[in-house]
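So the sequence lines, in the order shown, correspond to chains P and C. With UniProt numbering, the residue at position 287 of the first sequence is 287, and numbering never jumps. With UniProt numbering, the residue at position 91 of the second sequence is 91, and numbering never jumps.
By construction, these hints were calculated from the structure, which means they are not laboratory data. Cβ atoms here follow ideal geometry from the backbone N, Cα and C, with glycine treated the same way. Warning: the hint list may mix true and false statements.
[What the hints assert, rightly or not] Below, in silico cross-link-like pairs of lysine-lysine (BS3-like), each with a Cα-Cα straight-line distance of 25 Å or less: (1) P:K328 <-> P:K376; (2) P:K185 <-> P:K290; (3) P:K119 <-> P:K290; (4) C:K111 <-> P:K297; (5) P:K305 <-> P:K373; (6) P:K373 <-> P:K357; (7) C:K120 <-> P:K258; (8) P:K294 <-> P:K376; (9) P:K328 <-> P:K186; (10) P:K364 <-> P:K376; (11) P:K243 <-> P:K186; (12) P:K258 <-> C:K92; (13) P:K364 <-> P:K335; (14) C:K92 <-> P:K39; (15) P:K39 <-> P:K305; (16) P:K376 <-> C:K111; (17) P:K305 <-> P:K327; (18) P:K357 <-> P:K328; (19) P:K3 <-> P:K39; (20) C:K170 <-> P:K39; (21) C:K92 <-> P:K305.
[To be verified] Label-pair ranges, simulated between beta-carbon atoms: (22) C:F67 <-> P:P203: 27 to 37 Å; (23) C:Q62 <-> P:K186: 30 to 40 Å; (24) P:K137 <-> C:N89: 55 to 65 Å; (25) C:Y266 <-> P:S302: 33 to 43 Å.
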Amino acid sequence: MKKRALFWAGLMILMFSVSTLWAKDREYRVGCAFAITGKASWLGEPQRNTVEMLEKEINAAGGINGHRLKLFIEDTQGNNTRAVNAIKKLVKKHRVSVIIGPSRSGTSMAAIPVVTKAKVPMLSCAAAESITQPWEKRRWIFKMGQNDSDAARKICDHMTAHGIREIGILTGTTGFGAAGRTQLKKIAKEYGITIVADETYSPGDTDMTAQLISIRNAGAKAVVNWSIVPAQSIVPQNLRQLKIGIPLYQSSGFANIKYAQAAGVAAEGTIFPAGRIMAVDFIPDTHPQKAILKKYKTGYESVYKDHVSTFGGHAYDALLLVIEAMKKVGDDPAKIRDFLETTEFTGVDGIFRFSEKDHCGLDKTAFEMLTVKDGKFVVYRK
Amino acid sequence: MNTSFTDLLQFIFMGLQRGSIYALAAMGFNMIYNATGIINFAQGEFVVLGGLMMVTLTMTVQLSIPFAFLLTVLFVTVIGVLMERLTINPVKDPDVLRLIIITIAVSILLKGAAMCIWGKESHYMRHFSGDTPIDILGATVLPQTLWIIGILIVVVVAFVLFFNCTMTGKCMRACAINRDAARLAGISDRNMVMLSFALSAGIGAVAGIIVTPVIQMDYGRGVLIALKGFGAAVIGGLGNSIGAVVAGLLFGLVEAIGAGYISSHYMDAIALTLLLAVLFVRPSGIFGSSEASRLKDF
């Protein structure tokens with residue numbers, strides 16, 4: 001009898017010590033859902049690369065307070081149904097503490113009900129303002145991408161400074177283009193800028209001369225094109241072909257040097273707002289973001305031999321924020337959420353100042369106006 | 001110069017450029033339709049492969065444009081022949097539905113292969129003869145647009161000559177009209193099917209090559225080109241090549257003029273309304289004969 005009691009006691013002690021050991025070694029789990037393949041892979045691919053690079057870095061340096069960082073990466077293919085499934089899998093099967101992504105505005109919107117119900121914070125890497133607004137209904141949602149409304153504001157600032165009062169807008173009929181169109185109309189009104197022509201084209205369209213002629217005939221003093229690939233390389237070429245000598249503004253989506261290269265000489269002088277990562281070399285050393293921008297750019301470009309992109313930057317900021325939160329409060333989802341809401345963070349995308357009502361934390365100062373000069377992106381100076 | 005006139009001229013050039021691509025795609029559809037009675041869903045992929053191969057040969061390998069042109073057409077033609085030999089020819093009981101599903105499978109396969117080889121981003125290449133716009137009566141036209149229209153004319157003339165003046169061409173027509181009778185007359189219909197795939201892949205490649213400098217090319221572009229080309233083929237009357245060219249150009253013109261004068265929001269809607277209208281009035285297409293279409297399986 002005594003022997004048996006001793007045996008049980010011994011077993012209990014063993015189990016206890018094993019379980020505490022296990023708890024100490026327990027990894028911190030972070031879920032990522034990016035559009036790695038499919039139409040929006042130009043968003044998801046750099047994001048995946050970025051988080052994998054950071055994961056290695058962190059674990060090589062001993063993890064987060066001794067806990068290994070473990071990423072679970074899912075491919076949404078930029079598709080809403082797949083995104084929702086991926087998020088469910090991350091939450092239910094992998095029991096992650098926090099989710100980074102999805103990459104697109106549409107997939108982020110689709111994921112909101114799932115994470116809200118599961119009470120897991122989500123750091124979206126998309127741009128649409130509706131992801132974090134209305135704030136009462138977005139308790140668990142944060143967003144890394146700069147607001148599209150702020151991009152529109154930055155463009156309108158620039159136009160006002162250059163005395164442009166009548167503009168023509170040209171937008172793709174994608175989610176990104178349609179959101180841009182809504183914002184442009186709203187913000188232009190705030191600035192007292194008149195939209196004299198409002199044209200659209202479908203995503204696969206390849207010739208916008210008809211739309212540009214309408215814009216020219218309406219007497220626009222500038223064109224704003226808001227779309228994703230490949231139209232943003234074609235519009236400058238069409239403008240050049242038609243010899244319409246008015247300035248071309250593009251959305252923050254133009255911030256990839258490959259698009260400028262694809263448009264060739266026609267892209268020269270295109271003006272667009274972009275995160276500072278696109279023009280690291282032109283940012284003064286005194287700028288608070290300079291150090292992190294440089295670190296990300298050199299790190300990414302040496303590992304992947306490819307240009308950095310704004311989109312990868314969103315994932316970079318998101319994971320750094322999560323690591324910061326985990327260092328302070330551990331891996332409890334609710335605690336991470338509360339920490340994020342009160343934090344201030346200098347990242348690649350700008351200086352985030354989160355609050356209860358603002359889960360994006362960025363304003364128009366996160367953008368810099370860039371232009372294309374000799375095939376390179378430079379900060380616009382007049 | 002009168003602005004409204006130059007605008008119209010500009011829209012016409014834009015329409016002709018768009019339409020030429022639809023016309024070439026529609027001709028490709030017809031070629032295979034005539035020989036087999038099926039719609040080849042991989043037609044758009046031929047265009048994409050042509051464009052992407054041309055990009056590689058001119059921008060990476062730095063070949064001269066005429067040489068790269070020939071090499072690309074040859075490459076895609078070989079793909080077309082392989083497709084027929086490996087997937088269409090071995091089918092024991094070739095009924096229309098089965099063959100169409102095979103072409104869908106091949107289209108997915110080719111698209112996947114193109115994605116793996118060329119990646120997902122858009123590729124661009126230099127224009128054939130510079131990209132300085134030319135003034136024509138006040139409208140500005142890219143030299144590439146003239147190349148596109150010119151090459152369309154050359155292709156059409158070559159095909160008219162081929163089908164009317166050569167024995168092989170006549171054999172193909174015989175097969176299209178009545179396959180059993182043609183076989184009785186000693187024509188190998190299987191070879192004619194292979195030839196039709198070769199020619200249609202070749203036309204697809206030409207379309208891809210000439211259009212890539214203007215529109216860029218990525219692996220997923222085939223679907224939309226094929227859809228518009230199919231629309232043109234239907235409007236022109238399935239199986240009628242001249243009909244396809246006229247309808248393709250008409251399709252492009254209606255889109256461009258609609259976008260210019262009505263609203264760019266409705267550009268696709270205008271083109272598809274035209275398609276519906278034609279189908280309501282003449283189900284066999286503008287140039288198709290209703291008798292012939294009743295005889296076809298599809």
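Cross-check of the supplied hints:
1. P:K328 <-> P:K376: 41 Å, violated
2. P:K185 <-> P:K290: 34 Å, violated
3. P:K119 <-> P:K290: Judged against 25 Å, a Cα distance of about 35 Å means the pair is violated.
4. C:K111 <-> P:K297: 33 Å, violated
5. P:K305 <-> P:K373: 23 Å, holds
6. P:K373 <-> P:K357: With Cα atoms ~39 Å apart, K373 of chain P and K357 of chain P exceed 25 Å; violated.
7. C:K120 <-> P:K258: This hinted pair holds, its Cα atoms lying about 13 Å apart.
8. P:K294 <-> P:K376: It holds: about 18 Å lies between the C-alpha atoms, which stays within 25 Å.
9. P:K328 <-> P:K186: Outside the cut-off at roughly 40 Å; violated.
10. P:K364 <-> P:K376: 23 Å, holds
11. P:K243 <-> P:K186: Roughly 29 Å between the alpha carbons, so the hint for K243 of chain P and K186 of chain P is violated.
12. P:K258 <-> C:K92: 48 Å, violated
13. P:K364 <-> P:K335: Violated, at about 29 Å.
14. C:K92 <-> P:K39: 37 Å, violated
15. P:K39 <-> P:K305: Holds, at roughly 22 Å.
16. P:K376 <-> C:K111: Not OK: K376 of chain P and K111 of chain C at ~32 Å, beyond 25 Å, violated.
17. P:K305 <-> P:K327: 31 Å, violated
18. P:K357 <-> P:K328: 22 Å, holds
19. P:K3 <-> P:K39: Outside the cut-off at roughly 68 Å; violated.
20. C:K170 <-> P:K39: Violated, at roughly 44 Å.
21. C:K92 <-> P:K305: Roughly 50 Å separates the two Cα atoms, so the pair is violated.
22. C:F67 <-> P:P203: 27 to 37 Å: 34 Å, holds
23. C:Q62 <-> P:K186: 30 to 40 Å: 49 Å, violated
24. P:K137 <-> C:N89: 55 to 65 Å: 59 Å, holds
25. C:Y266 <-> P:S302: 33 to 43 Å: 49 Å, violated
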